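Trainee: Each chain, written out:
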Amino acid sequence: MSDWLLFDPMFRTAFLTGLSLAVTLSLIGAWLRMRDEWLAAFGLAQIAAAGGILSLPLGLPVLVTATVAAGTAALVRELIPHPDNSHYALMILIGWSAALVFAGNVPHGNVIGESLLRGQLYFSHPGHLVSAFGLIGVLVACLPWLQPHLLRERFFPDWYSANRIRAWPHRLLFGTLVVFAAVLGTVAMGAFPAFAMFFVPAWVAFALVRGWTAALCLSVALGVVAYVTAFIVAIVLDQPFGPTLVLLLAIMAGLRFLPRRN
Amino acid sequence: MPPEPSAGALITLEEVTVGYTGPVAGPVSFTVHAGEVLGLGGANGVGKSTLLRAITGTARVHSGAIRRMPGLRISHHQQRPARPPELPLLGHELLRLLDADHVREPLAVIPLMDKPVRAMSGGQFQLLQTWACFAAPVDLILLDEPTNNLDSQAIATLSDLLHNLGEQRAVLLVSHEQQFLQEHCDRIVDLGT
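So the protein sequences, as listed, match chains A and B.
For the first sequence, this note's numbering begins at 94 and goes up steadily by one.
For the second sequence, this note's numbering begins at 18 and goes up steadily by one.
Looking at chain A on its own, in the form it has when it is part of the complex:
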């Protein structure tokens, strides 16, 4: 019977939403790893979850409150002169504790808190799908312009100030993409599965291939394979999707031990 569920139209929205996010998160994850900001994705996901829980008392859509919370955290991060993993770790702690405190004190907070932290992909609605498609469209459209800026700033950090070139446009765009990806990933997949999708595919891809484009392609391919496999396994074996995805990605991390091409 579970096999038939795979072809149920009810699951199409969920499947396509997750598929779009698998591409987006694994691609952005590669940029975050290149910038050594991959832990920030987990911090933003936790903050988004905390903000999402507040949607109930505020009477607003989860996407709105989660975006406001994650956007505020990203803005604060930008104001820190040299943000590093210590700041991102603090963001995780704040997000996690706030999410659980809100969940414990808001009517039905535990239910939505559980879904945001663990993930409830099957309850994705068309709004999520449209947002995920929109995000992937913006990402693909911006890629040729955004990518050289991100790489240049990493290797030649004072190129922009030395040549009086404005750096804020590409920083703002990338920050916005990360926030929306973290929010959508958290709302649709859950904070931990979204972070795993940001983190693992790029981590594996960077270790295995030569060349930046090859690394991006492999990162996305690994993310998609892990997602599709998790989706099928979760339905066929009647397992929760979020933990199944995280477990598969964790197993996939073993690919890092394959011989590296230098």
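In short, the hints are calculated from the structure, not lab data.
Here the structure is a predicted model, which means the values were calculated and not measured.
Be aware that a few hints might be false.
[What the hints assert, rightly or not] To be clear about the criterion: a stretch of chain A counts as covered by chain B if any three or more of its residues have a C-beta under 8 Å from a C-beta of chain B, and this derived list gives those stretches:
no.	region
1	183-189
2	243-251
3	254-265
By construction, the Cβ of each residue, glycine as well, lies at the ideal position given by its N, Cα and C atoms.
Mind docking chain B on chain A? Use the hints.
Mentor: Leaving out everything else, chain B in the frame of chain A:
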């Protein structure tokens, strides 16, 4: 905004004191003209790197003025260039970031073109970054301790680049190696001890 430097000058520092929260170096004055290699010498910790950072806008100018030629383009080879761990970026991909992949590279750089940054030795990465700064379409090249980690062949490559600079561009070279400065610079500004 400070006025422009005098004719032929790429950049002029006038009684400049630089630092971060407090002053680190200066006051110091000098002008860099097109076609010259100007050396900055001095003991460790005297503020040579901070002076370069003030020129690139990442350190603070506490007093004095830095005048730039209008439209001045600068590349900066940092003393400890950023190298993210495990990054699979290839040498030629890194050069492309500064539009520096259109110039014929020196012999010592050729083997690095298809090599991932993660697999390069410290000296190889240093040389690649230095070459990127030279091959980029810039007027002023800032080099901060470029001989660090370099073997004799790489130092010879660096020497060639400095000697064949051309008349349109200039180099501001920071090094604690006095002999290297004397051999390669047209003038040396000593920041003291």
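Trainee: Sort out which numbered hints this structure fails and list those numbers smallest first.
Mentor: Number 1 only.
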